[in-house]
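*Asks:* The task is simple: from the sequences and hints, build the whole structure.
In my numbering, the protein residues as written are 1 to 369.
Watch out, some of these pointers could steer you wrong.
[As the list claims (entries may be wrong)] Straight-line C-alpha distance at most 35 angstroms; calculated DSBU-like pairs for lysine-lysine: (1) K194 to K179; (2) K48 to K246; (3) K48 to K179; (4) K194 to K241.
[Claimed, not checked] Here are the in silico distance ranges between beta carbons for each label pair: (5) A9 to D115: 24 to 32 angstroms; (6) D195 to A78: 23 to 31 angstroms; (7) K63 to E291: 47 to 55 angstroms; (8) D180 to V358: 35 to 43 angstroms; (9) A305 to D368: 41 to 49 angstroms; (10) T211 to K63: 39 to 47 angstroms; (11) K63 to N361: 36 to 44 angstroms; (12) A16 to A181: 45 to 53 angstroms.
Hints are computed from structural coordinates only; laboratory data are not their basis.
Beta carbons are placed, not taken as given, at the ideal position from N, Cα and C, and that holds for glycine.
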Amino acid sequence: MSDPLHFEAMTKRYGAVTVLDDVSITLAPGRVHALMGENGAGKSTLIKLIAGVLPADAMTVRKGGSICQLSSPADAAALGFRFIHQELNVVSQLSVAENILLSHRVPERFGLFVDWVAMARRAGEALHRLGVHHIDPRAHAGALGTGDQMLVKLASALVADEAVPPLLYVLDEPTAALKDAEVAKLFEVVRSLKDAGAAILYVSHRISEITTICDDVTVLRNGRHISTHAVIDTGRARIIKDMTGKDVDADERAFNASGASSGRKTGVVAQLERVGARRLSGIDLTLREGEVVGVAGLSDAGQTALLRLFLGLERTTFGTAQFLDGPLPQSPQAAWARGVAYVPQERRTEGLMMAMGVRPNALLPHLDG
Numbered sequence: 001m002s003d004p005l006h007f008e009a010m011t012k013r014y015g016a017v018t019v020l021d022d023v024s025i026t027l028a029p030g031r032v033h034a035l036m037g038e039n040g041a042g043k044s045t046l047i048k049l050i051a052g053v054l055p056a057d058a059m060t061v062r063k064g065g066s067i068c069q070l071s072s073p074a075d076a077a078a079l080g081f082r083f084i085h086q087e088l089n090v091v092s093q094l095s096v097a098e099n100i101l102l103s104h105r106v107p108e109r110f111g112l113f114v115d116w117v118a119m120a121r122r123a124g125e126a127l128h129r130l131g132v133h134h135i136d137p138r139a140h141a142g143a144l145g146t147g148d149q150m151l152v153k154l155a156s157a158l159v160a161d162e163a164v165p166p167l168l169y170v171l172d173e174p175t176a177a178l179k180d181a182e183v184a185k186l187f188e189v190v191r192s193l194k195d196a197g198a199a200i201l202y203v204s205h206r207i208s209e210i211t212t213i214c215d216d217v218t219v220l221r222n223g224r225h226i227s228t229h230a231v232i233d234t235g236r237a238r239i240i241k242d243m244t245g246k247d248v249d250a251d252e253r254a255f256n257a258s259g260a261s262s263g264r265k266t267g268v269v270a271q272l273e274r275v276g277a278r279r280l281s282g283i284d285l286t287l288r289e290g291e292v293v294g295v296a297g298l299s300d301a302g303q304t305a306l307l308r309l310f311l312g313l314e315r316t317t318f319g320t321a322q323f324l325d326g327p328l329p330q331s332p333q334a335a336w337a338r339g340v341a342y343v344p345q346e347r348r349t350e351g352l353m354m355a356m357g358v359r360p361n362a363l364l365p366h367l368d369g
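*Replies:* Right, dumping it as structure tokens:
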């Protein structure tokens, strides 16, 4: 078995702001190491330093007794590092096979032409290794749903490449868009990679996943290393306390006590009774002032369709729906005028104008007409 990878004193600053402060982590072969922390804790920055995407202000990478060069994505690839980033960077105009082999050597015929048959075969082998048989390697990637696009990105990290044997897999929130059956397949692959001796860095907010698939867990908070434990020696309460800096039980007691003592009756903001729509049926929902209501379900179970009702992008077909003493908005403009703000699941394609700057994106919803 190969030597552990040591990433030492990782530091990244933007002007006077330090987003990663002297963080060290050791990733051992044959072990799955979880990286956890709240949003803004520094997880994505740490991954980008390991990937060579961001230049570090300080970082030393050691394998065994040797120092490794890591200052670019090419260096990361040469070391055998493979990444599945949180953002779905699928090239929608290309086929599934082309997306899977984007970072790999393309099969050729006579050294002059792309061997499309061999490309589809290699892509299909990577998908099958993930347990995926319903995606056609020749299909356009842009026509796939979010979950299938994530499977394509996962498959790209599993392409057989003898030139550079994989040493480290980094999975950043890989199950965010997957259904339960797909998550189970992913876990099978993670276990097989672990058994083959690869080191795996697994980033997730889901503690149940960490306790299921990971051997070790490192917690970051505000850009600093807080703790590293074997998963078997820790638990949900300890992980949450390390992530937030708060005692979970005490926080829950304070919350319950404040709610019980106030006795405040909040007004109803929205009321749905047996509502049906194009992708919904028999929905009952009450939303009151000061509440946060969670909507859970498998991928494509209708959560987005429910939210789009309040944006005026879906229409009810039966049932009764009330919003702020009136009907649901009939358009995004009407929704915004009545105080509805919407953050879509697909930030890049539905929530942002990527060709424009930060200022016009921030001001766009506030412009008249």
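*Asks:* Between D180 and V358, is the Cβ distance one that fits in 35 to 43 angstroms?
*Replies:* holds, 37 angstroms
*Asks:* Would you check the hint for K48 and K246, treating anything up to 35 angstroms between C-alpha atoms as holding?
*Replies:* Roughly 28 angstroms separates the two Cα atoms, so the pair holds.
*Asks:* Could you tell me whether the CB distance from K63 to N361 stays inside 36 to 44 angstroms?
*Replies:* holds, 42 angstroms
*Asks:* Check whether the Cα positions of K194 and K179 lie no farther apart than 35 angstroms.
*Replies:* Answer holds: K194 to K179 is near 22 angstroms, not above 35 angstroms.
*Asks:* Measuring from beta carbon to beta carbon, are D195 and A78 in 23 to 31 angstroms?
*Replies:* Since the Cβ atoms of D195 and A78 sit about 25 angstroms apart, the hinted range of 23 to 31 angstroms holds.
*Asks:* Okay, K63 versus E291 on CB: inside 47 to 55 angstroms?
*Replies:* This hint holds: roughly 51 angstroms between Cβ atoms.
*Asks:* So if I understand the rule, the pair passes when the alpha-carbon distance is 35 angstroms or less; does K194 with K241 pass?
*Replies:* With a Cα-Cα distance of about 28 angstroms, the restraint between K194 and K241 holds, given a limit of 35 angstroms.
*Asks:* Given the hint of 39 to 47 angstroms, is the C-beta distance from T211 to K63 inside that range or not?
*Replies:* With a Cβ separation near 29 angstroms, T211 and K63 fall outside 39 to 47 angstroms, so the hint is violated.
*Asks:* Does the Cβ-Cβ separation between A9 and D115 fall within 24 to 32 angstroms?
*Replies:* violated, 45 angstroms
*Asks:* Assess, step by step, whether the Cα of K48 is no farther than 35 angstroms from the Cα of K179, and give holds or violated.
*Replies:* Roughly 27 angstroms between the alpha carbons, so the hint for K48 and K179 holds.
*Asks:* Is the distance from the Cβ of A305 to the Cβ of D368 consistent with 41 to 49 angstroms?
*Replies:* violated, 29 angstroms
*Asks:* Check the following: the C-beta atoms of A16 and A181 are separated by a distance inside 45 to 53 angstroms.
*Replies:* holds, 47 angstroms
Of the numbered hints listed earlier, those contradicted by the structure are 5, 9 and 10.
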